[in-house]
Amino acid sequence: MNEASSVRAAAKATELLTLDDVRAAAARIEGAVVRTPMLRSQTLSEISGADIWLKFENHQFTAAYKERGALNALLHLNEEQRARGVIAASAGNHSQGLSYHGRRLGVPVTIVMPQTTPSVKVMQTESVGGNVTLFGETFDEAYAHARELEKERGLTFVHPFDDPLVAAGQGTVALEMIEDKDDFDCLVVPIGGGGLMSGMATVARALKPDIEMVGVQAELYPSMYSAVTGDERPCGGDTLAEGIAVKAPGQFTRQIIAELVDDVLLVPEAALEHAVALLLQIEKTVVEGAGAAGLAAILSNPDKFRGKTVGLVLCGGNIDTRLLANVLLRDLARSGRLARLQIVLQDRPGALFKVMREFNEHNVNIIEIYHQRIFTTLPAKGLTAEIECEARDGEQIDRLVNSLRDKGYVVEMAELA
0 MNEASSVRAA AKATELLTLD DVRAAAARIE GAVVRTPMLR SQTLSEISGA
50 DIWLKFENHQ FTAAYKERGA LNALLHLNEE QRARGVIAAS AGNHSQGLSY
100 HGRRLGVPVT IVMPQTTPSV KVMQTESVGG NVTLFGETFD EAYAHARELE
150 KERGLTFVHP FDDPLVAAGQ GTVALEMIED KDDFDCLVVP IGGGGLMSGM
200 ATVARALKPD IEMVGVQAEL YPSMYSAVTG DERPCGGDTL AEGIAVKAPG
250 QFTRQIIAEL VDDVLLVPEA ALEHAVALLL QIEKTVVEGA GAAGLAAILS
300 NPDKFRGKTV GLVLCGGNID TRLLANVLLR DLARSGRLAR LQIVLQDRPG
350 ALFKVMREFN EHNVNIIEIY HQRIFTTLPA KGLTAEIECE ARDGEQIDRL
400 VNSLRDKGYV VEMAELA
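Numbering (numbering that gives the first Met the number 0), first residue to last: 0 to 416.
It is worth saying that the hints were derived from the structure and are not from the lab. The model shown is predicted, which means the values in this text are computed figures rather than measured ones. Some clues are possibly wrong.
Capping the alpha-carbon separation at 27 Å, the derived lysine-lysine pairs in BS3-like fashion look like this [claimed, not checked]:
| # | residue 1 | residue 2 |
| --- | --- | --- |
| 1 | K246 | K11 |
| 2 | K283 | K180 |
| 3 | K283 | K307 |
| 4 | K207 | K180 |
| 5 | K120 | K246 |
| 6 | K120 | K150 |
| 7 | K353 | K406 |
| 8 | K11 | K207 |
| 9 | K180 | K303 |
| 10 | K246 | K150 |
| 11 | K180 | K307 |
| 12 | K303 | K207 |
Now the in silico label distances, taken between C-beta atoms and shown as ranges [stated by the list, open to error]:
| # | residue 1 | residue 2 | range |
| --- | --- | --- | --- |
| 13 | E79 | T137 | 29 to 35 Å |
| 14 | D179 | L104 | 27 to 33 Å |
| 15 | R22 | D209 | 16 to 22 Å |
| 16 | D397 | P208 | 49 to 55 Å |
| 17 | A143 | A23 | 28 to 34 Å |
| 18 | G407 | E140 | 56 to 62 Å |
| 19 | D19 | P301 | 34 to 40 Å |
| 20 | Q114 | R356 | 50 to 56 Å |
| 21 | R404 | I281 | 34 to 40 Å |
| 22 | P301 | E389 | 26 to 32 Å |
Cβ atoms here follow ideal geometry from the backbone N, Cα and C, with glycine treated the same way.
Please model the entire structure based on the sequences and the hints provided.
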């Protein structure tokens, strides 16, 4: 595969990946990956003003579309390459997809991850057959070590996105979507390194030349946006969409995206969190931050999509349960259903009881109460009570706060960014 990759690199990117390549990949991987369902969301369509169709790639065995490209690459190995094994640098969905199908095919798979990788990701990869090597503090160091091991051990490197074979496998997502529904106005696709969008855009442009292709990136990681627009922006930070948090997009993929994709939108963290929460609440499906990026883009740009028939790819569902719980609670807080009130009281009997009476009269439920007497700028006889509470909506909280202030209490509300 490595020699073929160097030959392919010399040609124009769009000549290295065609509709026929994707169709061949579809035939090759058929039966070994899930042909995931695509369903219309009535509620999200009503909320957004667009006709929303969801492709549930989070229903794959490893809960992400990455299996498709990884398997297509594995099936191109010759007998000697299969015997020696493959290697990749990844701490995400690519490592699990490659490991799972490598074990199924009897191909040894080595995955190099940074030493800082959470243990749960190491365990998930090992549980599906990967041999994990921890090296370095950053992904770049892990990647460089993987390329060294490739040469030392005679392994075949399988890139997570910057390879036509991988992109062809990912393009089968669009092939299935258009086979199931051929009247899309627009496809909205998350972009990290660009493998998924490259494959999908290749298919969509060949079958429906007038279709609009829109990519989505997290605002904190606008690497592909900068590459194709020339608008250089800072890249880095803690994003919910770590699956598309790529600092350096592929060379091959950026050429295809520059030629075939109409627009790349950037979405803020709050929009990603809201989209994850909505998909769980409305569709009863769990997605990771990257999987919610398409919906986040539509909800953040309603005028761009209103009235259009739009296909969204829920590209993955691997999210830590504790993180998911935080996202859901933060979304409740942003909607006004959860609040934290900081109320200044006098340190005397009955002071807290009088405040509790106000909560009762406004039918607001108290979750937690924190007293602070020591670490405060108030006089020694004063205290601060922080009260976490829940209500039907933000208006109910506002009525409670106004009532407390009318009675002379100093009340502050904690706010999320």
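The hints, checked one at a time:
no.	hint	verdict
1	K246 / K11	holds (23 Å)
2	K283 / K180	holds (23 Å)
3	K283 / K307	holds (24 Å)
4	K207 / K180	holds (12 Å)
5	K120 / K246	holds (20 Å)
6	K120 / K150	holds (26 Å)
7	K353 / K406	holds (10 Å)
8	K11 / K207	holds (22 Å)
9	K180 / K303	holds (21 Å)
10	K246 / K150	holds (25 Å)
11	K180 / K307	holds (14 Å)
12	K303 / K207	holds (20 Å)
13	E79 / T137: 29 to 35 Å	holds (33 Å)
14	D179 / L104: 27 to 33 Å	holds (28 Å)
15	R22 / D209: 16 to 22 Å	holds (21 Å)
16	D397 / P208: 49 to 55 Å	holds (51 Å)
17	A143 / A23: 28 to 34 Å	holds (33 Å)
18	G407 / E140: 56 to 62 Å	holds (59 Å)
19	D19 / P301: 34 to 40 Å	holds (37 Å)
20	Q114 / R356: 50 to 56 Å	holds (55 Å)
21	R404 / I281: 34 to 40 Å	holds (36 Å)
22	P301 / E389: 26 to 32 Å	holds (29 Å)
Of the hints listed earlier, there is not a single one the structure fails to meet.
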